[in-house]
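Listed in order, the protein sequences are those of chains A and G.
Each residue of the first sequence is one higher than the last, beginning at 775 in the numbering used here.
Each residue of the second sequence is one higher than the last, beginning at -10 in the numbering used here.
Don't read these hints as lab results, they were simulated from the structure.
Treat each hint with caution, since some may be false.
Straight-line alpha carbon distances no greater than 35 Å define the calculated DSBU-like cross-link-like pairs of lysine-lysine that follow [said to hold, decoys possible]: (1) A:926 with A:938; (2) A:891 with G:124; (3) G:93 with A:811.
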Amino acid sequence: MGNLLALLQRFHVLLLFLVLQVFSLIVLFSENNFHRKEFIRHSSDFAGYIYEKRDEFTSYLRLAEINDQLAIENAALRSLLPENYISSDTATFKAQGVRQQYTYTPAKVVNATVSRKRNYLTLNKGYAEGIGIEMGVIANGSIVGIVSSVSKNYSIVMPVLHTKFQGSVKMKGTGEFGILEWPGGDPLFAFVKEIPKHVYINVGDTVITTGFSSHFPEGMLIGSVEALEDKPEENFHRIKVKLATDYRKVAWVQVVKNLQKMEIDSLQQQQIIADGGEE
Amino acid sequence: MMNYLRIFLFVLLQALVVSRIQLFDGLVLPFIYIFSLLMFPFDTPRWAMLLIGFFTGILMDLFTGPPGLHTSACLLLAFLQPLVQNMLAPREGYDSNLKPTIHKMGLAWYTTYAGILTFAHHTWLIFFEFLRWDKFFFQLFHILLSSIATLLLMILAQLLISPNKKSS
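Work the whole structure out from these sequences, hints included.
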């Protein structure tokens, strides 16, 4: 016992170091740890507040650029007004009998990183304004990411620029489905995988959302094909996509709420249970 | 007291200003906040240094990235700091009124001291953030250039904070 105490006495610094180090590495590497989630939830409220204060100053410097973005979006929205369209056949006009599936909540980006491997955006709205986990986030009609955690007044978005991000996408035109991933590195480009090699892809083709994932409406812009970087040993294309969203400049976003998500999810869950669970 | 206040100041500086600097698409990203740890006096007990590093890391993790990343790297820094100080100690040991600054210890001493610790911290941090070897040279450059940027900023910060105090 005396020996043990002497040993502790002698190595107490090393022991303290190891204990704290093991603790922080466990927190770092366990994705679904309760303490980790609590930490992120509380820290986003705290850091969000401070980031927002900073943003109140710096946004003045970018007003011209933000004005441009809003003006472009305004013009796009104005072109959708009913008086811009001539109804050729009143019988097919579907004002009644439509169900609204998506609603949009505008939010401001108060902090964004692009240079790390796991990047995040902080938005200035949280569950008090109806933002929830798993909602999609778009800017100017192109996708930004998915809400990964919310506090009362702030939310954290996992953007495409995150190595864990996966989105189902399709090629506009041919409608081939693929998976969008970001391997890290350049914030302007991501990759689409799982499209077989026999499908013909042009440089410049548009990549859009499928609407399968219930995060985003169908047909939201993702980007355009920059190059094909196929590897001979693989059966699928490796398509380099130039992202439509410039994460270094994104200032205002819209959070997409899918009003039918609950219904779709519970229906799918019922079916899985009816089939005797997932394979 | 100033030492503890400096931790808050530099963590804020890191989160609000320096992390926004993304030279060459993030290839150069200085972590200036460790400056406040390097400023702790020579006679700080090692266990206290570990706790200070631990809480500085947690504070930094509040602002950025996955929790635990900065905590882990700061712990390593706090563990190594006294060892590097001993390694670089003059033969008769440190005077009680000396501080690990350029003004007290000279530019050559400080560059070695801060250089070793900054490189260790950045290597640990960037390795655990990326955890892959396929972009080995990119990462190596990332670590080297970021360390140099941090070191330059730390030297600059000292020259700005207390100029012309070498005689005192």
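Quick one, are residue 891 of chain A and residue 124 of chain G close enough, alpha carbons at most 35 Å?
The hint holds at about 12 Å.
Are the Cα positions of residue 93 of chain G and residue 811 of chain A separated by 35 Å at most?
Roughly 44 Å between the alpha carbons, so the hint for residue 93 of chain G and residue 811 of chain A is violated.
Please work out if residue 926 of chain A and residue 938 of chain A have their alpha carbons no farther apart than 35 Å.
holds, 25 Å
Hint check: a violation occurs at hint 3 only; the rest are consistent with the structure.
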